[in-house]
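Take the given structure of chain B and dock chain X to it, following the hints.
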Amino acid sequence: DAGVTQSPTHLIKTRGQQVTLRCSPKSGHDTVSWYQQALGQGPQFIFQYYEEEERQRGNFPDRFSGHQFPNYSSELNVNALLLGDSALYLCASSLAGNEQYFGPGTRLTVT
Amino acid sequence: AQRVTQPEKLLSVFKGAPVELKCNYSYSGSPELFWYVQYSRQRLQLLLRHISRESIKGFTADLNKGETSFHLKKPFAQEEDSAMYYCALKNDSWGKLQFGAGTQVVVTP
Chain B
43 DAGVTQSPTH LIKTRGQQVT LRCSPKSGHD TVSWYQQALG QGPQFIFQYY
93 EEEERQRGNF PDRFSGHQFP NYSSELNVNA LLLGDSALYL CASSLAGNEQ
143 YFGPGTRLTV T
Chain X
26 AQRVTQPEKL LSVFKGAPVE LKCNYSYSGS PELFWYVQYS RQRLQLLLRH
76 ISRESIKGFT ADLNKGETSF HLKKPFAQEE DSAMYYCALK NDSWGKLQFG
126 AGTQVVVTP
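Protein chains in written order, with the numbering used here: chain B, 43 to 153; chain X, 26 to 134.
For reference, chain B alone in the conformation it holds in the complex (with noise of 0.2 Å):
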């Protein structure tokens, strides 16, 4: 098992842009949280997928938005890109509500 995976790695997008970004977790889990981590800061949270739903959502505006596929993995979107989305997002899997394994990230710079 590869753990939790993320793609792409790195992104350079441009002011007002739209960006997808991909999470597949880790085998036997059902629950997809996204983490927003700025430069310096700890991870934020954004949202969490749980059978196919937003169960909960952190304090980000709505150009930020998610989906989760049938087979568990989950996709973030952000809309109308700004300097300040530039950051590494974060993806965890959990089961159920038990400990959340993080994947390594992507990277990704507004310019």
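Derived by calculation from the structure, the hints in this document are not laboratory data.
None of these values were measured; they are calculated from a predicted model.
Heads up, the beta-carbon is just placed ideally off N, CA and C, and yes, glycines get one too.
One should not assume that every hint holds.
Unchecked claim - To give an idea of the interface, some chain X residues facing chain B are shown, with a C-beta separation under 10 Å as derived from the structure: (1) Q67; (2) R74; (3) D106; (4) A108.
Claimed, not checked - Some chain X residues well away from chain B (every beta-carbon gap over 12 Å; in silico): (5) Y52; (6) K98; (7) Q103.
For chain X alone, coordinates are given in the frame of chain B:
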């Protein structure tokens, strides 16, 4: 509002010296507290959680509800302990984590 505070951004210690990373939280209820670690070029991983009351890699952490603290301690630091450490709080059964800003630990020989 709930909050996790790690007052030290950087902690530099000598090998063999004790190390203590401070974590304070504000939350009205019974949270679960965790320490996560990120070694260089590796992903974020769980180090320990307060409910298990175990020692991992020589680290221990005690939840002090009176002082709302969950400090991480190790009596004798090793070079391989050099990493970024994050304190995190989980306040519901679904697993949403709230992280502190992190403490960079550098252990020098």
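- [ ] Kindly indicate which numbered hints from before are broken by the structure, ordering the numbers from low to high.
- [x] Structure breaks hints 3 and 4.
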